[in-house]
Amino acid sequence: MALKLAFIFFSMILVNNYVLVKFLGICPFLGVSGKLNSAVGMSAAVIFVMVLASAVTWPVYTYFLVPNGLEYLNNIGFILIIAVLVQLVEIVLRKFIPPLYKSLGIYLPLITTNCAVLAVTILNIETPSLVDPTAPYYTFPEALLCAAGAGVGFGVAMVLFSGVRRTLDKAQSQVGKSFAGLPLTLVAASITSLSFMGFGGLLENLFGISA
Amino acid sequence: MNKKKVSNLKVFTNGFLKENPVLRLVLGTCPTLAVTTVLFNGIGMGIAATFVLICSNVVISALRKVIPSQVRLPCFIVVIASFVTLVQMLIKAYVPALNESLGVFLPLITVNCIILGRAEMFASKNTVGASALDGLGMGLGFTIVITLMSFVRELLGSGTLTLMPGNDALTFQILPEAVAPMSILALPPGGFFVFGVFMAIAYFIERRRGKDPEKEACAGCPSAAGCAAKGACETNGA
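Protein chains in written order, with my numbering: chain W, 1 to 211; chain V, 1 to 238.
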């Protein structure tokens with residue numbers, strides 16, 4: 001079981017990287033990756049909110065929506081839970097841990113509308129479970145690890161790409177005028193994403209699990 | 001009266017190029033990159049998002065005097081999420097193939113920044129009629145770009161054009177079998193690459209029309225108003 005959980009965690013980071021392979025959370029990836037500090041801050045906030053959101057939405061879905069036949073409300077319910085959680089975390093951090101609020105707090109409002117967070121909560125209740133074949137979807141530990149892996153994967157992509165962008169800034173003045181700025185950044189993202197394609201099949205062989 | 005007509009037309013056409021949500025405001029990038037591997041997906045996603053955009057714009061604009069400004073974002077999100085759920089049910093019932101191929105990106109229309117962004121920047125300040133027009137224009141702008149992108153990616157990446165998966169009469173083999181398709185374009189790296197090229201073309205056209213595309217960092221961001229990280233985002237900054 002531990003092996004399967006580890007498989008889920010690492011596959012979310014390398015093979016199914018949310019940013020570079022699944023295209024979730026592209027806005028902060030392009031917007032906040034300019035400086036290493038902000039990339040790390042944003043990633044930490046995303047990891048935290050993803051795990052927290054999954055820890056709340058999974059029980060709400062399993063113990064409240066499903067028994068009452070309200071599965072179709074998952075979309076509205078989840079986005080509200082995320083919005084409320086982000087607000088709550090912001091208030092708690094500002095009141096009790098001001099230094100952390102100073103470094104993470106400014107990224108929190110950007111997270112409510114981050115599609116990666118909503119996506120991980122929805123995928124948790126849609127992906128077939130690896131550990132328990134009788135479960136209709138991910139079990140609770142799987143959901144938490146999947147969220148953590150997705151968050152860490154987001155962080156890895158952000159940090160790697162902020163390094164790429166530092167070098168890229170020197171090239172911005174040397175390309176055609178139309179390509180300078182965001183278009184060139186996107187082409188660089190394409191090459192970064194290409195390097196992640198190399199991880200395909202790696203984990204299946206490493207862990208001996210066919211997903 | 002005449003003057004009003006002109007401004008309505010302007011509201012409608014704004015979304016095509018000048019303020020194209022994808023290429024100029026850089027909103028809704030996730031679905032643009034993710035679902036554009038097949039033409040069918042691009043068209044379906046465009047229509048679904050346009051429908052949600054028009055409906056939510058109309059409702060939010062009609063309620064703009066009732067919604068207190070402190071809690072407007074959660075209110076907007078609930079309105080949008082309701083329409084997304086509606087669209088999701090309709091698509092599941094009538095076009096199950098689209099539901100299959102869009103996957104998680106169908107419910108994710110809820111957090112498509114184009115819709116929340118237009119609610120915040122336009123619908124909450126303008127009349128119902130203008131908001132509906134704005135929704136239609138922006139939606140069409142999004143649909144055009146996403147359709148063109150999926151056209152390029154499918155044609156060069158797989159050599160086919162699919163209007164309906166599983167239906168041979170509506171799936172066309174365009175490139176001859178002997179020509180090996182550039183399958184990298186249908187994979188994730190190709191998404192970033194084609195998007196970059198499209199954006200460069202949009203910059204080029206704007207410049208040819210004598211307008212220097214201004215560098216806007218937070219202009220298109222729906223969270224800009226309450227965002228303390230102003231300046232940390234450098235979407236367009238070189």
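There's no promise every hint is true.
[Stated by the list, open to error] Calculated pairs, DSBU-like style, for lysine-lysine (alpha carbon to alpha carbon, straight line, at most 35 angstroms):
#, chain 1, residue 1, chain 2, residue 2
1, V, LYS10, W, LYS170
2, W, LYS95, V, LYS65
3, W, LYS35, V, LYS92
4, W, LYS177, W, LYS35
5, V, LYS125, W, LYS95
6, V, LYS10, W, LYS177
[As the list claims (entries may be wrong)] Covered stretches of chain V, going by a simulated chain W footprint (3 or more residues, C-beta under 8 angstroms):
#, region
7, 46-52
8, 84-95
[Unchecked claim] Simulated restraints, written as ranges between beta carbons of each label pair:
#, chain 1, residue 1, chain 2, residue 2, range
9, W, ALA6, V, ARG209, 36 to 44 angstroms
10, V, VAL179, W, LYS177, 45 to 53 angstroms
11, V, GLN173, W, LEU100, 55 to 63 angstroms
12, W, VAL66, V, GLY210, 56 to 64 angstroms
13, V, ALA93, W, ALA2, 50 to 58 angstroms
14, V, PRO74, W, ILE209, 35 to 43 angstroms
Worth flagging that the hints you see were computed from the coordinates, not collected in a lab. Where is the CB? At the ideal position from N, CA and C, for every residue including glycine.
- [ ] Indicate whether the distance between the beta carbons of VAL66/W and GLY210/V respects the range 56 to 64 angstroms.
- [x] Between VAL66/W and GLY210/V, where Cβ atoms are some 58 angstroms apart, the hint holds.
TODO: Quickly compare the C-alpha distance for LYS10/V and LYS170/W to 35 angstroms and report which way the hint goes.
DONE: 39 angstroms, violated
TODO: State, for the Cβ atoms of GLN173/V and LEU100/W, whether the hinted interval 55 to 63 angstroms holds or is violated.
DONE: Hint holds: Cβ distance 57 angstroms, inside 55 to 63 angstroms.
- [ ] Would you check the hint for LYS35/W and LYS92/V, treating anything up to 35 angstroms between C-alpha atoms as holding?
- [x] Violated: LYS35/W and LYS92/V sit about 42 angstroms apart, past 35 angstroms.
Task: Outcome for the supplied range 45 to 53 angstroms, where the beta carbon pair is VAL179/V and LYS177/W - done: The hint (45 to 53 angstroms, Cβ to Cβ) is violated, given that VAL179/V and LYS177/W are roughly 33 angstroms apart.
Task: Restraint status (C-alpha distance of LYS10/V to LYS177/W at most 35 angstroms) - done: 28 angstroms, holds
TODO: Go ahead and decide if the range 50 to 58 angstroms is satisfied by the Cβ distance of ALA93/V to ALA2/W.
DONE: 42 angstroms, violated
Open item on the list: For a C-alpha distance cap of 35 angstroms, please report whether LYS95/W and LYS65/V respect it.
Closed with: 33 angstroms, holds
Open item on the list: Quick check: do three or more residues in the region 84-95 of chain V have a beta carbon closer than 8 angstroms to a beta carbon of chain W?
Closed with: Our answer is that it holds, as 4 residues pass the Cβ test (under 8 angstroms) against chain W, meeting three.
TODO: Starting from the range 36 to 44 angstroms, see whether the pair ALA6/W and ARG209/V falls in it by beta-carbon distance.
DONE: Violated: the Cβ-Cβ distance is about 55 angstroms, outside 36 to 44 angstroms.
- [ ] For the pair we were handed, LYS177/W and LYS35/W, check the Cα-Cα distance against 35 angstroms.
- [x] 23 angstroms, holds
Task: Stated coverage of the region 46-52 of chain V by chain W [criterion: 3+ residues, CB within 8 angstroms] - done: violated (count 0)
The structure shown violates the earlier hints numbered 1, 3, 7, 9, 10, 13.
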